[in-house]
Structure formats: structure tokens, C-alpha cells
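Residue numbering for the sequence shown follows our numbering, beginning at 119 and increasing consecutively.
No lab work stands behind these hints: they were computed from the structure.
Be aware that one or more of the hints could be misleading.
SDA-like, lysine to any residue: derived pairs with alpha carbons at most 20 angstroms apart [unchecked claim]:
| no. | residue 1 | residue 2 |
| --- | --- | --- |
| 1 | Lys772 | Pro602 |
| 2 | Lys427 | Ala440 |
| 3 | Lys595 | Ala700 |
| 4 | Lys169 | Arg197 |
| 5 | Lys623 | Ala454 |
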Amino acid sequence: TAVPILQELIEKGEEQDACIELLSNILEVLYKTQKVKPVFSSAFFSPVTVKKHIQLILERLLHTINRRVIVLDRENTLRSRYVACMAAILSQLDKDHYSSYIKAFPSRPELMDFLMETFILFKDLIGKTVYPSDWMVMNMVQNREFLRAINQFAVTLTEMFLSNSSFELQLWNNYFHLAVAFLTQDSLQLENFSQAKRSSILAKYGDMRATIGASIRDMWYNLGHHKIEFIPGMVGPILEMTLVPELELRKSTIPIFFDMMLCEYQLTESFSRFEDEILRKLDSEVEGGRGDEQYKQLFESILLSCCRKHPELAKPGENFVALVTGLLERLLDYRAVMNDENKTYSMSCTVNLLNFYKEIDRQAMYIRYLYKLKDLHVSYENYTEGAYTLLLHARLLKWSDEANTAPMQGLHSPSLHTQRQLKEALYNQIINYFDQGKMWEEAIHICKELAEQYENEVFDYEMLSDILQREAKFYEKILKVLRPSPDYFAVGYYGQGFPTFLRNKVFIYRGKEYERREDFEMQLLTPFPNAEKLKSTSPPSQDITGSPGQYIQCFTVQPVEEAKVRFKDRSIPEQITNFYRANHVQKFSYSRPFKKGPKDPDNEFATMWIERTTFVTAYPLPGILRWFVVTSTTTTLISPLENAIETMMKTNEKIMSEINRHQNDPSLPINPLSMLLNGIVDPAIMGGFAKYETAFFQESYLQEHPEAEGNIEKLKDLIAWQIPLLAEGIRIHRRKVTEDLRPFHERMEQCFMQLRAKVESQYGVREMICFEDRRSGRPQSMAWGADWDRLNHSGERQVLMEAAPAPKPAPRTSESEDHRNERKENRSSTFFGYWWQDPRQSISELPEPKDEKQRLSHNVSDSSLGSPGGKQPPPRRDSTGGAQPSSAGLSPSPTGFGGCVKSASKALPLPRKISPTVYETFLEQSDA
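Assemble the whole structure, with the sequences as input and the hints as a guide.
Structural data, given as C-alpha cells:
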């Protein structure tokens, strides 16, 4: 009689405390009568009677209590007491109770509603338990009774809701989600507990994950042809279950994936839906902390074994397994470093992932990791790299009004509905980042593209005006703002102790402004406190690369610039050229000097060899990272003579660079120029020419090395061409020297006069000839380039000549034009400009010059200036291979800058190559 009253009161929500108390007492008495023999015998306590009482409570109160738990708020203290009563009822049920209870439902829909309601309630209670997490006994008792109930209801599903006519997709779906939620709940993850607690749980309750896992597996296989209805919906829950770190559970459930593949393949001849879903879910699961190396190996071995048993799935199955294991490897690397204080390696792993998603054409995931990488860069003030990262997304968008289907959070506002709007917003952000990173050349490219859109596509002249003004400011910054070139460092990670994305690989890092190598190394070693720094720059041995330890190698490398065709044969301000020497670079070199052959203590140049290692990176720097892996390495040997030539080339280049600086900015301090010039002309400081002469210009050296004749002549030529450079530098020094330094300058001039007399008597005279710069009518523009050193394929020095245009009558100009001309005239008038070619090219790669007869073999037509009569003044030639045409106004040079070669005893040579510019100039002069 008490049970119906309890049911009525609980349904109404009245006298709930008293109802719970009374129900608890009844359940406790019934439990004790089953477990403990009663002191007195009574029909009330007989097993049959107790079973009937439990059946009555089950049929009248279980459903009522379930609904009451659903109604009550989570904060209500009565909720946990009702849940305890529910667990107490379930604990006293046997199979007969469940069977009778299921049969008691008057109709199939009512039974389905009860099961649906129970599955949802159980899942909710598992996800948000009513008991504190440290109440182990209560939580484990509840789990034990829930597990028994779930397995009993699974039998009901199979018997009553599986046939074609009675199959209920949503009910089965709720069952699977409940079972996976039960298996993956925190309170059952024994590996997270102490050994004592784990042992206690296993002894009393066992590992309930294995039981429910086996049930899920059996229920999946029971589905038969209904399986396809759960693909791809159940891929995520099954993946979550297989990622639980329990070996036997993994072995028994991973084959479900192959069954999913096979099921979809048999219907569609592909398993693309399954593949897409598992790749998408795997990313979030591993990032959330699930998965490990053991899982990757088990997944690979089990699925490959299954695929090979089915010939039609062997090849596509192997490709799929390779895809998933490749993603797993990258995700595990990413997770391992994502929480480190040093985000350097997080960036590397992020790039590995976004490249992977790009390769497999998963654009949504690719863009997701692009923005993760961008956020990392901005947090570390890597604005240049952040700009390049955003640019990858911008390049995927079109200048069109198509809908923006995948807006990203953060940068994008809800107003960016079209691809054009999003791309424009991205470009403006990219310009800001390039500006902050002092990459104004790159910002200008983006400005030009925006200007093209504003002018010719959307006709927004106001925005066009704004973007052109920004572009103009960037040009101004290039010329006026100091921009130090970054250093580059080669870093090798050797040993098996490093993660796979670093192990036994070499990277080239781009340093920050004014970053010292010592500071860079300190940051490099911070994440690896046990790593040992290698002192040698040579490649390590197998003992190091195969050892279980960690070894880091770090040294500075030099960028190897690529030839810029549009800068060739032009005089370019140093502020412009310096940018391209240190940016958009993919090759880097390291030179290691060593002694070879008999030592000469008086002249180390004679035995100084260079081992030059050239590194090629996967992508140019800067890019979306501050570093890239080295993909290839080559090593060449530079002989002492070739080393001497390179040293002279660099010295001449240094003089020319310093002159350029003073020509462009007369306000520069004179001290660096003073030290440079004095270090070269004062024999007490340098004494370099005599060292070269002693080492290489002796007859005995030529007899021992007959193949070096061309390089010896080249070294002499370099020495001779240093004189006019020094003369120009001393001229500038004379003009700027203060009275305090006048004695120093006079001594330097005396030393130079002695040096000049010696060099010109032995190696001939070279002269610099100034010519007018056509761009703005500036006088005294002197051209000097890397081509001065280059040999062509026939072994000849290439002569590059330029003629000043013939003066023409000036038309009347307006006042505004006069103002512009005045501004042009106020610019710096004299400068040295580069012709772009790699000055660090190995001398050993250059062909040797051929003999003099071959040099003279060119006929007059090859160098015709194109005069109307086809005539040409007779040429003069000397032994140095220089050239000087007799026509006034020319400034040819065998060394790439305006000048001529003189010799006291020999005539000047015939010019061997005339540039198209000179040809056209002479045509203009002839027409005039």
C-alpha cells in the first residue's frame, strides 16, 4: 500500500523529503533480506515475496523517479538523493525483473519512449554527475548499475528494434552515444589514478570499459545492412572510444573502422565519407589530448591486416592508412609542443599540419591552422611572417562578389559577406603587418594590387587615393628609414632524443634585428636543457646522429642572393639593393678555412683553402616561418688563389659600398671610411699585395699550376681596378676631413701615391670615367657592378659600355614642371650602382679565359656601333683585356663600371661587346 502513495506524492512533487526517506528505508530492508539471513522467519521476507516487492517498486516508481530527476534543477539537493534511490532500485534487479518490466509496457511506442528517455537521462548523469568526483564509491556503484541496465536494454534493442519493420534509427543512435559516453567518462580512466586506487577499483568493480566496449562492438556487428545509416555519424564516437588508452579495448574496437570502410565501399565503391569524417574528428580528438604512439602503430597494423584480406580494398586501404598515420604523427608532434613556453616548435608543427591539409585538399582545416599560425606569429611580434601567413588565405579568395562561405573568427567581421570584401580586409591587415616588419617592398606589391581594383574594377577613387598615399610613404621609408639586415643561422638537431620533426635535420633561421648569435643560441637551448652544444661546424658522425641523446649545432651562414634581371646593368641605390641581399633568399653558404699542403709561416695565403658548404632551404626566407628545413647541401673547395680573388672582390665591393653611402648621404660620419681606406693603403697595416705577389705571381707557382694562369691575371686585374676605387674614396675623404685629421689624411695620401705608382707600373692603369645619369640629368654618375668580375663562356671578360645621350633642345616647361625639375636636381647626384650578379659565386665555377688569339677572333661586325656608313674608328688594345672606344662620351669598362684601361707600352684594346643601349644612342647621335 505504501508504493502507490509514494508514486502519487513523487509525481506531484509533494512531501519529497519524506518520500525519499521512506523509499530509502524500504529499499534498504529489501537489500538486507537478500544479503543477510533474517533473524525471524516470515512470509514477508521470503525470496519470492521480496522479488515481488522489488518488481512492484520497479514498475510503479522507476519511471516516476526518472522523470523527477529530469525535472529537478542540477543545483537541487533532492536530485542526488533521487539518483541514489534509482541506483538502489537498479542494484536489486535481475534478468527476470528486466524481462517482466519490458513486457509490462502496454505498447511498443511507450517502451520506445521509456528507453529513449532512459538513455538520455543516463548520458546526462554520466556527463554531469551529481556526486563530487572524489566520492569514488558512489560514482563506481552508480556506474556498475548503469552498466547492467545498459546491457539489459541492449538485449531489448536487438530483440525488438532491429528487424526491417521495427528498426528505430534514433533509438540505436542514442544507445551508441550513451555507451561511448559511459566508456570515456573520467571516473573510469584508471590510468589517471594512483596505483593504490587503481588496484582497489579493479579488485572491487573490474575495468568496466572492456565490458561496455565489447558490448558496443557486438551491437555494431548486429546492425547488419543498417550499418550504412550510421556512417559517418558514428565515426566520431567510435574514434573517441578507440582512443581510450587500454590495449585490449583498442584491439577489439579498431576493426570497427574497417567494417565501416567495407560497408561504404560495397555500396558506393569508395569510402570518402568515412575518410573525411575520421580526418576531421581525429584533429580535434588528438588536440584534446587523446591518442599516442601506441595507437598510431595499432591503427596501422590492424587496418593494414584487414585491408589485405580483401583484394578490392588492398590499395585504397593502404593509401587511407598512410594518410591517417601521417596525420596522426603530425598531430602528436603538434600536441607535444603546443603548451611549451617557447612557441618556436609549435609554429613548425602548425606548418607541418597546414601543409598536410593543403596536400590532401582539406581547405577548411588548412585555413584553420593558417590562423593558428598567424596568431602565434603576432604574439611574438613576427609581423613579416604573420603577413605571409595571411597572404596564403588571401590568395585563395577571388576578386568577386561570390559569397564568403567560410568566414573566420577574429579578423573578420559579420559585414564581410563576399570574397572581395574579405580579401580587401585581409590585404589591409597584411599591409599593416608588412609595415610593422619593415618589409615595405612587399607592402608595395599589395598596394598595387589594391590600387588596380580601386581604379579599374570598383572605381572607388577615394580608396585609390588613400592606397596610393600609403604606397608613396613606403617608397619614402625604403630610402630614409634605417633597416638593419638580419643574420641567418644554420641549426642542426642531431640524436634520437629529438621529436621526429627535428630529428637529424638542419634548419636555416632568420634572426631578428640586432640579434646576437649568443642570445639566439640561448633561446635555442632553453626547450632542451639536456641538449649538448656541438663546438665543431662539421657534419656529425653516425655515433651522434644515432645516439639517444640530443646534440645541437649552430653557426652563422651568409645569404646567397639570386641575380635580379631588372637590376642588371643599372646603378641602384644601396638602400634598395641591401633589401634583396638579405630577403627572398633560398641559398645560404658557410665557409670553413683550413690549411692544406706544406705550411708557410711567412705567408698563410699560400696554403689557405676554403671549404664552402651551400644550404638550400625548402622555401625562401622570410616566409610563413622564421626558419625552414634544409633540403639539399653541397660542398666545394676553394683554392688559395681563388680565395685571394674572392677576398679582393669583397674588398673592392666594400670600398664601393662605402663610397655609395657617402655619395647618397654627405652627412655620414667619416670614421668608417677612414679606417677602411687606411687599412688598405698603409703597408704597415695590411701588406696584402706583397703577400699575393709572393704566393701566386712567382714563375715557380705558374709552372706548378699552369691551369691557374687565367685566375692569376684576374687577381692582377682586381688589384689594378682597386686603385681608381681608392682614389675616389680618398677624394671624398679629402673633401670631408676635419683639420684635426688632416695629418692622418696626408699620410694616407702619401701611402696611396706609393701604392698607386707600384700597381700602375706593374699591372697597368685603370681609370674611372663619370657620365651623366639619364634619369634626372645628374652629373658624375659612376657605375660599378658585379659583372666586372664575370667571365663569359668563351673565356672573355664582358665589356659593358654606356654612352651619354646627345643633348637636345629643351622645350619650354610650365611652372609646375620647373618645380619638379628643381626637386630632381636637389637629389643626390653621384652614386655607385650595382649590376646584379651573385658576387659570392665560387671562382672555381667560372670558366678560365682562353688564349689571346681566341680573344682577338671577334670581327668588327660583332662590335659595330651601327653608324650609317658602317665605319668605325680603329681600336687600341693592351694586354689587360680592357676596352676604350674612340668615340667621345662612352664609358666602357672590362670590369663593369665606367672607366678605361691604360698601359705605358701597349695600345688600348678593341671593344668586344656593345650593349643595345649604346647602339641606340649612337643611332640617335647619327640622326641628330
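Going down the list of hints, with the structure as the test:
1. A hinted pair counts as satisfied when its Cα atoms are at most 20 angstroms apart, and Lys772 with Pro602 qualifies at roughly 17 angstroms.
2. For the hint linking Lys427 to Ala440, the alpha-carbon distance of about 17 angstroms falls within 20 angstroms, and the restraint holds.
3. Proximity of Lys595 to Ala700 is assessed by CA-CA distance (about 17 angstroms); at most 20 angstroms being required, the pair is judged to hold.
4. Taken as a hint, the Lys169 and Arg197 pair is broken in the structure, with Cα atoms around 27 angstroms apart against an allowance of 20 angstroms.
5. Between Lys623 and Ala454 the alpha-carbon distance is near 18 angstroms, which keeps this suggested pair within the 20 angstroms criterion.
Against the hints set out earlier in the document, a violation occurs for number 4 only.
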